Amino acid sequence: MRWFLPVLTVVAAIIVFWYLACVPMNVKFAMMTAERQGVAVSPEGMQARRDMSAVLLAIRNPVVWPDTWAQDKPRLPAPHQVVAELWRTTAEVAPTSKRSLVFHAWVTLSATLLGFGIGAGAGIILAIGIVHSRAMDMSVMPWAIASQTIPILAIAPMIIVVLNSFGVQGLLPKAIISAYLSFFPVVVGMVKGLRSPGAMDLDQMRTWSATRTQTFWKLRLPASAPYLFASLKIGVASSLVGTIVAELPAGGGQGLGFRLLSGSYYGQTVQIWAALFATAVLAAGLVAIISTVERVTLKRMGLA
Amino acid sequence: MTSKPVITASHLDLTFETNDGPVQALRDVNLEIEKGDFVSFIGPSGCGKTTFLRTIAALETPTGGEITVNGMTPEEARKARAYGYVFQAAGLYPWRTIAGNIRLPLEIMGFTKAEQKKRVDKVLELVDLGTFGKKFPWQLSGGMQQRASIARALAFDADILLMDEPFGALDEIVRDHLNEELLKLWARTGKTIGFVTHSIPEAVYLSTKIVVMSPRPGRITDVIESPLPKERPLDIRDSPEFLEIAHRVREGLRAGHAYD
Chain F
1 MRWFLPVLTV VAAIIVFWYL ACVPMNVKFA MMTAERQGVA VSPEGMQARR
51 DMSAVLLAIR NPVVWPDTWA QDKPRLPAPH QVVAELWRTT AEVAPTSKRS
101 LVFHAWVTLS ATLLGFGIGA GAGIILAIGI VHSRAMDMSV MPWAIASQTI
151 PILAIAPMII VVLNSFGVQG LLPKAIISAY LSFFPVVVGM VKGLRSPGAM
201 DLDQMRTWSA TRTQTFWKLR LPASAPYLFA SLKIGVASSL VGTIVAELPA
251 GGGQGLGFRL LSGSYYGQTV QIWAALFATA VLAAGLVAII STVERVTLKR
301 MGLA
Chain W
305 MTSKPVITAS HLDLTFETND GPVQALRDVN LEIEKGDFVS FIGPSGCGKT
355 TFLRTIAALE TPTGGEITVN GMTPEEARKA RAYGYVFQAA GLYPWRTIAG
405 NIRLPLEIMG FTKAEQKKRV DKVLELVDLG TFGKKFPWQL SGGMQQRASI
455 ARALAFDADI LLMDEPFGAL DEIVRDHLNE ELLKLWARTG KTIGFVTHSI
505 PEAVYLSTKI VVMSPRPGRI TDVIESPLPK ERPLDIRDSP EFLEIAHRVR
555 EGLRAGHAYD
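Quick mapping for you: the protein sequence lines, in order, are chains F and W.
So for the first sequence, this note's numbering puts the first residue at 1; every next one is plus one.
So for the second sequence, this note's numbering puts the first residue at 305; every next one is plus one.
For the record, the hints were derived by calculation from the structure and aren't laboratory data.
Bear in mind that the values here come from a model prediction, so they are computed numbers and not experimental data.
A few of these clues could be false.
Stated by the list, open to error - With a straight-line cut-off of 20 angstroms between C-alpha atoms, the simulated EDC-like cross-links for lysine to aspartate or glutamate are:
#: 1; chain 1: W; residue 1: Lys-488; chain 2: W; residue 2: Glu-411
#: 2; chain 1: F; residue 1: Lys-192; chain 2: F; residue 2: Glu-294
#: 3; chain 1: W; residue 1: Lys-383; chain 2: F; residue 2: Asp-201
#: 4; chain 1: W; residue 1: Lys-421; chain 2: W; residue 2: Glu-364
#: 5; chain 1: F; residue 1: Lys-218; chain 2: W; residue 2: Glu-411
#: 6; chain 1: W; residue 1: Lys-534; chain 2: W; residue 2: Asp-341
#: 7; chain 1: W; residue 1: Lys-417; chain 2: W; residue 2: Asp-461
#: 8; chain 1: W; residue 1: Lys-421; chain 2: W; residue 2: Glu-411
#: 9; chain 1: W; residue 1: Lys-383; chain 2: F; residue 2: Asp-203
To be verified - So, partial list: chain F residues that the calculated Cβ filter (under 10 angstroms) puts toward chain W:
#: 10; residue: Glu-44
#: 11; residue: Lys-218
#: 12; residue: Ala-223
Where a beta carbon is used, it is the ideal one built from N, C-alpha and C, also for glycine.
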């Protein structure tokens with residue numbers, strides 16, 4: 001448990017920083033409330049404070065600090081507010097309720113998993129093609145790179161609209177955008193991995209008159225495993241981002257992306273942060289699952 | 305005794321096209337290797353010894369002259385499983401056990417499961433790794449890995465064993481030991497061996513025929529038939545005959561350099 005104390009220290013430092021950051025972020029609204037309730041603040045009057053630095057105001061008015069951590073719609077909610085919101089929306093409501101983060105997380109997760117499956121599968125197939133065909137190497141790779149230079153935020157609504165006009169709604173459009181983001185790291189990593197056997201390894205295969213298929217199954221594919229897992233981890237995180245982005249224009253009132261959007265419509269910052277944390281937990285969980293599979297697989301393969 | 309040669313090269317030329325213009329790796333190489341010969345190729349880097357070995361194995365294509373292996377082209381000989389090739393690095397797959405690695409060429413060549421097992425056991429015994437089949441390569445020392453790699457080359461019963469500096473990366477003590485083992489293996493199996501090396505003592509100790517090569521362009525400067533007996537204890541290396549051959553090899557190498 002030697003790592004326990006350092007980890008705890010870092011977490012504590014982050015939380016302390018967060019609480020401190022809440023003070024200047026929320027200080028103007030806190031002073032306005034305090035002034036209305038007759039508490040003396042300096043300087044008096046909103047006009048006077050308008051152009052003053054928030055840090056300076058915070059330092060001059062320690063009396064309003066407690067309120068900066070307890071507002072209904074703060075600019076930056078305090079950690080305990082986010083935790084309380086997370087608790088309220090997960091443990092205290094049924095997981096099937098539309099008010100439950102679990103429900104929204106599940107909607108997002110299912111689209112992410114489908115998208116990641118499509119993306120990783122397409123990535124692997126493209127990589128196999130690129131490694132074995134010079135024509136594909138020359139023609140596919142530039143398009144794959146170009147596809148990633150287009151901002152996903154710009155293209156996501158168009159994909160949603162186009163698919164919607166064909167009557168495709170719900171899970172699939174989100175999964176496609178998710179796949180669009182996740183296939184790229186898989187292609188790049190897998191191409192690198194399939195090409196990782198050296199000239200000697202390939203010569204050796206030639207001395208046994210191995211076919212390309214045999215070389216693929218017995219040499220290239222196993223050799224690519226460490227690269228594949230590295231890119232799957234990046235891919236699954238991208239997949240989640242893709243789904244969230246797709247949920248913004250998709251509407252439908254479901255998913256963590258929708259929670260983020262509705263939170264920002266109504267100034268529900270606490271809800272936004274709770275959704276953000278749910279997203280982070282989801283991403284960490286997905287990456288952790290792949291890491292575990294990676295560790296077990298590579299250990300069994302003698303590669304770790 | 306005039307048996308039919310296993311490998312013949314006549315007027316063999318090989319020119320690589322590089323960005324700096326053509327490089328002549330082999331020029332007018334003529335050589336006959338008899339069945340059961342242990343032939344060493346020795347010379348400085350760039351003399352074409354590895355290139356020649358690779359040409360025998362159809363890993364390079366000559367640009368002139370002719371080469372036959374068992375009376376066939378190298379390409380046909382490969383398909384007929386005429387040779388096993390041992391590279392400088394053991395090249396064992398980390399994800400396969402030692403037995404699994406030796407089984408690899410057998411799987412590729414389509415041997416039956418039972419036949420695979422029989423052959424793997426046999427060659428593991430042959431290189432003294434009988435109890436190591438279930439180990440993974442990283443659990444073995446460098447010398448043992450190289451022995452496993454030799455076993456793999458022997459597994460499909462090729463008549464010819466081509467070895468490209470197989471012990472080059474090992475320390476001298478291990479190397480001495482493996483040289484001795486290799487001679488025993490050669491005596492027991494009667495294979496024809498082509499062996500590329502940098503080391504004069506290694507070449508003289510192992511070979512029945514020493515081919516001295518020199519660079520730019522790669523060519524043969526001397527072919528020495530060794531008068532040493534087939535039975536060679538390690539201390540034969542202190543005998544006058546041994547030193548005399550070593551001296552002739554050294555002379556040959558020096559003569560090659562005089563062209564520079």
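Going down the list of hints, with the structure as the test:
1. W/Lys-488 with W/Glu-411: violated, 28 angstroms
2. F/Lys-192 with F/Glu-294: holds, 17 angstroms
3. W/Lys-383 with F/Asp-201: holds, 18 angstroms
4. W/Lys-421 with W/Glu-364: The given pair, whose Cα atoms are some 33 angstroms apart, is violated under the 20 angstroms limit.
5. F/Lys-218 with W/Glu-411: holds, 10 angstroms
6. W/Lys-534 with W/Asp-341: holds, 11 angstroms
7. W/Lys-417 with W/Asp-461: Distance of about 16 angstroms is within 20 angstroms: holds.
8. W/Lys-421 with W/Glu-411: holds, 11 angstroms
9. W/Lys-383 with F/Asp-203: Distance of about 14 angstroms is within 20 angstroms: holds.
10. Glu-44: At about 74 angstroms, which exceeds the 10 angstroms cut-off, the nearest Cβ of chain W leaves the hint on F/Glu-44 violated.
11. Lys-218: Since the shortest Cβ distance to chain W is 6 angstroms, the answer is holds.
12. Ala-223: With a minimum Cβ separation of about 8 angstroms from chain W (threshold 10 angstroms), the hint on F/Ala-223 holds.
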